[in-house]
Structure formats: C-alpha cells, structure tokens
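Engineer: The residues making up each chain are set out below.
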Amino acid sequence: MKPFGAVIARDLRLAVRQGGATFLALVFFLLTVTLFPLGIGPEPAILARVAPGVLWVAALLAAMLSLDRLFQADFEDGSLEQLTLSGLPLGGIVLAKIIAHWLTTGLPLLLAAPVLAVLLNMSDEGFAALLLTMLIGTPALSLIGAIGAALTLTVRRGGVLLSLLVLPLYIPVLIFGVSAIDAAVHGLNAKPHVLLLAALTLAAIPLCPWASAAAVKLSLE
Amino acid sequence: MFQGRDIACERGERRIFSGLDFEISPGQALVLRGPNGCGKTSLLRIAATLLKSAAGNLLWDGADVAEAPEEHRARLHFIGHQDAVKGALTVRENIATWSNIRRSAEDRVDAAMAAFGIAHLADTPAQYLSAGQHRRTALARLVASRAALWLLDEPTVSLDADGTACLQRAIMDHRAEKGMVMAATHIELGLDDVEFLQLKPQ
Amino acid sequence: MSMHYFANPTRFNRLAGRIQPWAGGLAAILLVVGLYMALFEVPADYQQGDTVRIMFVHVPSAWMAMFCYSFLAVASAVALIWKHPLADLAAKASAPIGAGFTFLALVTGSIWGKPMWGTWWVWDARLTSVLILFFLYLGYMALWQSIEDGQKAAKAAAVLALVGAVNVPIIKFSVDWWNTLHQPASVMRMDGPAIHPSMLWPLLIMALAFQVYFVALLLARMRMELNLRRIRALRLAERSS
Amino acid sequence: MDAIGQFFAMGGYAAYVWPAFAIVLVVMALMWFTGIHGWRKSEQTLAALRSNRRQREGDAE
Chain H
0 MKPFGAVIAR DLRLAVRQGG ATFLALVFFL LTVTLFPLGI GPEPAILARV APGVLWVAAL
60 LAAMLSLDRL FQADFEDGSL EQLTLSGLPL GGIVLAKIIA HWLTTGLPLL LAAPVLAVLL
120 NMSDEGFAAL LLTMLIGTPA LSLIGAIGAA LTLTVRRGGV LLSLLVLPLY IPVLIFGVSA
180 IDAAVHGLNA KPHVLLLAAL TLAAIPLCPW ASAAAVKLSL E
Chain S
0 MFQGRDIACE RGERRIFSGL DFEISPGQAL VLRGPNGCGK TSLLRIAATL LKSAAGNLLW
60 DGADVAEAPE EHRARLHFIG HQDAVKGALT VRENIATWSN IRRSAEDRVD AAMAAFGIAH
120 LADTPAQYLS AGQHRRTALA RLVASRAALW LLDEPTVSLD ADGTACLQRA IMDHRAEKGM
180 VMAATHIELG LDDVEFLQLK PQ
Chain R
0 MSMHYFANPT RFNRLAGRIQ PWAGGLAAIL LVVGLYMALF EVPADYQQGD TVRIMFVHVP
60 SAWMAMFCYS FLAVASAVAL IWKHPLADLA AKASAPIGAG FTFLALVTGS IWGKPMWGTW
120 WVWDARLTSV LILFFLYLGY MALWQSIEDG QKAAKAAAVL ALVGAVNVPI IKFSVDWWNT
180 LHQPASVMRM DGPAIHPSML WPLLIMALAF QVYFVALLLA RMRMELNLRR IRALRLAERS
240 S
Chain X
0 MDAIGQFFAM GGYAAYVWPA FAIVLVVMAL MWFTGIHGWR KSEQTLAALR SNRRQREGDA
60 E
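In order, the protein sequences belong to chains H, S, R and X.
Position 19, counted from 1, in the first sequence is what numbering that gives the first Met the number 0 calls 18; the numbers after and before it change by one each time, with no gaps.
Position 190, counted from 1, in the second sequence is what numbering that gives the first Met the number 0 calls 189; the numbers after and before it change by one each time, with no gaps.
Position 4, counted from 1, in the third sequence is what numbering that gives the first Met the number 0 calls 3; the numbers after and before it change by one each time, with no gaps.
Position 32, counted from 1, in the fourth sequence is what numbering that gives the first Met the number 0 calls 31; the numbers after and before it change by one each time, with no gaps.
With the rest of the complex left out, here is chain H (with noise of 0.2 Å):
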C-alpha cells in the first residue's frame, strides 16, 4: 500500500480504536447548537434567520477542539518523528494526517448539520448549500487548523492558544460559507460565494501542508 495511503489508514485505524473523537465533536456541535434557542429564544421566524450562522460557527468549533488530535499523541510518544523519517515527504505525511482528521471529523460534521438545521427551523432552500458549502469548507478548517496545532506542539496545554492562532484565520471561511447558505436561502445566487469558498480550500490544500510541516520540523529538532 502506498505509504500515503498506509498513514491515513493507520490515523483512521487509531480513530476508530479509541473511538471518541468523533463522537465528541458530535456531541460538541449538537450541544453548542441547542444552546442557542436557548439563548435567543424559540422563536422560528428568529432561529430560521440565525440557522445558517449558528451551524457554522458550532461545527467551525467543534472541528477547531478536535485539532490537537492531530499531531499531539504521536509527537509525545515517539511516531511524529518515526513518521518524518518514513522517507516520505513531511508536507506529505501532514496532508495524509488532515485528511484522515476531516474523514474522522469534519464529515461526521457535514452529515450531523441537516438535522441540526432541523432544529433551528432552517428554510428548505438552504439544506443543499448547508451541505456543499460544509462540503467544501471543512476541509479547509482542517487544513487551516493544522498550522496551529503543529505551532502549539511544544506547548504545554496549547489548546487555548491553538483557538486564539486558529481562529482569526477561520473568518474568510465562515463569512464564505454562511454567505452562501443566505442566498441560497434568500433564493439569490449562491454561486459567487461558493466559488470563493472553494477558492480558498483549494489555495489551502499545497500552502497549509507545507506550513504545518515546517512547523513540525521546528518542533522536533
């Protein structure tokens, strides 16, 4: 098997033996969901207009916590530095590590959203640009949110400092995505703001790798 494709399935092999990864970003997202018609009232009208903000910036957080996951176990017992040794590029080995974290959270995510919509009484027209733009856009929060965990690796307790890196550079993200659904809701043309949101995971797949590697090296030296 390619050694590609032997670290991914390894990370997914370690994700599906301890398990709770993904189930806890489930649970963070539907849980930050059900917060807010709590805070805001069960308004329909209300909660249909705020739906397509509130899933984003719940499922925006709850991919960010699930982050440290990603390099911190192997770097504290010894595989991030058997993996930069595997012969295969690091920027390679860290692209095979973010897929396997959007495969174990940001597409469990991608399938909890419509029926959280649900909940907030999202208008019918926006499930179809809820998923293509969840589709699209958690890849590159993954992506993004690679830099700030390998940053944060020799960081006692990074997580808070890992959100405070991470987040101003989830922004374009959110504002792509959420745009999106509004006018698609709006019966606008979703288009351009798909586009966009597709532009900047594209430009994230050859740039974030390469940074997260660099990062990583730093830290293992």
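Bear in mind the hints are in silico, worked out from the structure with no lab data behind them.
Incorrect hints may appear among the rest.
Rough simulated footprint, nothing fancy, chain R against chain H, three-plus residues with beta-carbon under 8 Å [stated by the list, open to error]:
(1) 84–98
(2) 137–151
(3) 205–213
Partner residues aside, some chain R positions facing chain H, computed with beta carbon under 10 Å [to be verified]:
(4) Val77
(5) Leu79
(6) Trp81
(7) Ser145
(8) Gly149
(9) Gln150
(10) Val158
(11) Leu159
(12) Gly163
(13) Asn166
(14) Ile170
(15) Phe172
(16) Ser173
(17) Trp177
Below are the SDA-like pairs computed for lysine to any residue, each with C-alpha atoms no more than 20 Å apart in a straight line [claimed, not checked]:
(18) Lys51(S) <-> Asp148(R)
(19) Lys82(R) <-> Arg13(S)
(20) Lys51(S) <-> Trp62(R)
Note that the structure is a prediction, hence the values are computed from the model and not measured.
Even glycine gets a Cβ: it sits at the ideal position worked out from N, Cα and C.
Knowing the structure of chain H, use the given hints to seat chains S, R and X on it.
Structural biologist: Same frame as chain H, but now just chains S, R and X:
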C-alpha cells in the same frame, strides 16, 4: 559507507561538539562513548537528519546526504528514547503499519516478532504490554524494515537480559548482511570488532 | 556593505544607542507640531464639527497598525530565509508596538463613530478588519511567550507571522464582502469626508511623528530583547558549567 | 475668556475629542516608558551577570 566530516552541533547558543569525523563501512558497528550531555544523542539525531548540524556534512557512498534527505531517511531506522508504540494497536499492527509506511516487505513482521521473542503477543493490544515488551516491539521494527543503517540511542533501556541477547543477535545478523550500526550505549553489547568514538565534553 | 554588516549585535547596539535619543526627540517635536495643527489650525468640518479632529490620531494609528504587521512579516521572512540573527528580534520587538497602535485605532475609531452612529461599536468593514488584526497580534505575542526555547519560539513565530501576512488580505477581502452583504445604512464612511488640503499636512506630520516614535521605541525594545537573549545564555552557561 | 472656553468646548463634542487625544497620548507614553524601563533593567541585569562572571573567572585563575 556512511561518513561524517567535520560535524559540529549547537544546542541553543552552546556548542556541544565540533570538527567530528566518523566512518562506518558495511557490516561495521560504531559505538559512541562519552559522559551525559556530550552530544551522543545529538550526533545520532544529526545522522538521522532529525537535527541540522551547525557545520560539516554527512556522506553516503561519497554523495552528500543533504542533497537527497528523503532517500537517506528511507535507508535508516532510528531508535530513540521513545518507543512510538500505540496502545490501541496490537503488536503485529504496531510493526506492520511501519513496514507499510516504509514500503518494506510484509513477511518480515513475523520474523521480527520471533527475533525479539514477542511472537506470542502478536494479537495483544500494546496497552497491556510491559515497558520491556514495548521496547522489544520498537526494536522488532528494525528487523521488519529493510533499513541498511541502524541508529540506536540507548537501545537496551528497560530491556531485560534476554531482551538484550535478542538485540545482540539481531545486530549480528544485520551486520552479517552488510548492514551498519551506530549506537550510543553504556552497557557492553558484547559485540566483536567494534569501533569506538569518544565524544569529549566541550 | 552586506546585509550582515548590521547583523553584528554589538555594532547594532552601538548604532541603535546613537539613533535612539535623536529619534525620540524628533518624534516628540513632530507630535507637538502635529497636535497643535490638528487642534488649533484645522477648521471644524461643516458636517462632523470638531469630531473630525479625532481623524488625526485615528488614521495614523490605523496606518501604523498595518505598517507594524507588514514590518513584522518582512522581518520574519528575513529571519527564516536568510537566518539574519537580528531579524527575529526586530519582529518580536515590533509586535507589542503594533498591537498598541491597533488598540488605539480601535478606541479612537469607536469614539469618533459615537456621535455619528450613537453607539460605541459599529461593525464597519474597516474597524472589523482592524479588530481581527488585533487578534493576529495577540496570537503572535502569545506564541512567543508560550515556547520556552528561544530559537524554536523565534521560528514558530516567524511561520505564524508569514501565515498571518498571507491571510490579512484574504480576511480584509472577506470582511468587505461580508460588509457589502449586510450593508447597514452607515451614514459616514470611516475614512471621513474627502480630505481637503488644509487637513493633509497635519495628517502627514502626525503619521510621520508616529513613524519616528515607532523607530525609536523599536530600537530600545530590540536592545532589550538582545540583552534578554544574552542574559538567558549567561544563565544557561552558569547552570551547566 | 470666551474664546478659550469656546475652544475647549470643541463645538459641543468635547466629550469625544479630548478623551480620544488623551488616550492616544497616555497609551503612547505608557508604551514608551515601559519600553525604556525594560531596556534599562535588562542593561543592569546583564552588567551584573557579566561582572560576577568576570569576578568568578578572576577567582578561578
């Protein structure tokens, strides 16, 4: 042939060692000697391209390693202080995943486990193993991978007498197949015709 | 004179020592002149009245906020690519100054907007971008603090600065995009009415005052960081010898 | 007297113009003095460390 010419190493602003040369020809073993903190681990990490040397360069059959680091990494196996063994995976999986990632042959996994006496634990999740058994799993990867150069940093840590014997046998077999070994260790590994490299504290 | 002419710390220290007091003095003079013109000479704006005078501190602060981040990013790039020993010091030293100016830009911006919009904070595109820039500064400074090893912290911060620099235009664009979507009936665009000549001079003088102030304070902070680095090295040497 | 009073009133916006300028000057002064103070303290600590190191080397010879 693996050579190091005029290698220097710096940690923070302090110079650990400089002007260091070494040479390992196929089938040979080089043991690093010196007090703690004299740079044995650093030299091994430089040889493994995990650490950039402050000066000097590494040569493999005369070619500078820096030109093709990925190739160099594919032909070495580094055993550090940490075992990189995942508790959730079984012993076999812990060894096999690394041979997949390093493209080495699958069949050597069983031979590797047998060489370190952990074949009976093949399907036990690693979290139930002792530290010594974790260490044997990590060392078993040496046999499972086709690495020509073994870089061992205190390999016998948490190994019992029997484990150390397994390691000696594995090193002997490796050297018989023209493999090379560079190790930092205090315990007498009881290997014949070994070169020594004395590292002086700065 | 190669790039590394100034790289020698002792030479830098001596040079900085000479420039620092002059720059400080010049900044003070420019500041006094600028403030005098801003407060006394410039006529009140027919539309905004005297509140327009706040522009003379708000706009230079916002410019400095952007300038310091660009300076930080360039210094980080130089540190990473050419391994210039003083570049990461310059980047580390300039971050708090930039954060200070960003904070001032936010405060003066909200004070300036209050009479117009009746609220202290308006999600205007420019102010929102400056707020996000403020978070980038905080993240950068927090990263420096949380990594003990000086050399690793420098490299990690440099990577973050470059990643941030790539993202600043993207964030700016996305915030403007977001702003046009939710276009509040904003009465006044943030950069105020068209700046007619009599206002231009005080604005430029104030901007120059802030710039010279930045240079003077940067040199002092860089010399401090240099000393701290030497102190750490001495303490390390003491402990292990 | 009226001109000065009128000047300070800032066309009724005194409550905004003066605090804005005051905050800018205070914060810039704060940054300046903490910077200079930090630099001076580091100079003293460095000098102290160097002198007792020289002194220790002196004893060693």
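Engineer: The structure should be examined with respect to each hint, and the outcome stated for every one.
Structural biologist: Here is what the structure says about each hint:
Interface restraint, the region 84–98 of chain H with chain R: violated (0 residues with C-beta to C-beta distance below 8 Å; minimum three). Proximity of the region 137–151 of chain H to chain R, defined as three or more residues with a beta carbon under 8 Å from a beta carbon of that chain, is established by the 3 residues found. Counting residues of the region 205–213 of chain H whose beta carbon lies closer than 8 Å to any beta carbon of chain R gives 3, which reaches the threshold of three, so the coverage claim holds. The closest approach between the C-beta of Val77(R) and any C-beta of chain H is roughly 16 Å, which is over the 10 Å cut-off, so the hint fails.
A least Cβ separation of about 8 Å between Leu79(R) and chain H falls short of the 10 Å threshold, and the interface hint therefore holds. Against a cut-off of 10 Å between C-beta atoms, the interface hint on Trp81(R) is violated, since the closest Cβ of chain H lies about 16 Å away. For the restraint placing Ser145(R) at the interface with chain H, the shortest Cβ-Cβ distance is roughly 5 Å, inside the 10 Å limit, so the hint holds. The interface hint given for Gly149(R) is violated, since its Cβ lies 12 Å from the closest Cβ of chain H, which is over the 10 Å cut-off.
This hint holds: Gln150(R) has a C-beta 8 Å from the nearest C-beta of chain H, less than the 10 Å allowed. Contact between Val158(R) and chain H, as hinted, is supported at the beta carbon level, the nearest pair being about 5 Å apart and thus within 10 Å. Because the smallest distance between the Cβ of Leu159(R) and any Cβ of chain H comes to about 6 Å, under 10 Å, the interface hint for this residue holds. For Gly163(R), the shortest C-beta to C-beta distance to chain H is roughly 8 Å, which falls under 10 Å, so the interface hint holds.
Hint status for Asn166(R): holds, given a least beta-carbon distance of 5 Å to chain H, under 10 Å. Annotation: interface hint on Ile170(R) holds; nearest CB of chain H at approximately 6 Å, less than 10 Å. At a threshold of 10 Å, the smallest CB-CB gap from Phe172(R) to chain H is about 8 Å, leaving the interface hint in force. Checking Ser173(R) against chain H: minimum C-beta separation of about 4 Å stays under 10 Å; hint holds.
The criterion of a C-beta within 10 Å of any C-beta in chain H is met by Trp177(R), whose closest approach is roughly 5 Å, and the hint holds. Among the hinted pairs, Lys51(S) with Asp148(R) is consistent with the structure: their alpha-carbon atoms are about 16 Å apart, no more than 20 Å. Between Lys82(R) and Arg13(S) the CA atoms are separated by roughly 17 Å; this keeps the pair inside 20 Å, and the hint holds. Our distance criterion of 20 Å between C-alpha atoms is broken by Lys51(S) and Trp62(R), whose separation comes to about 40 Å.
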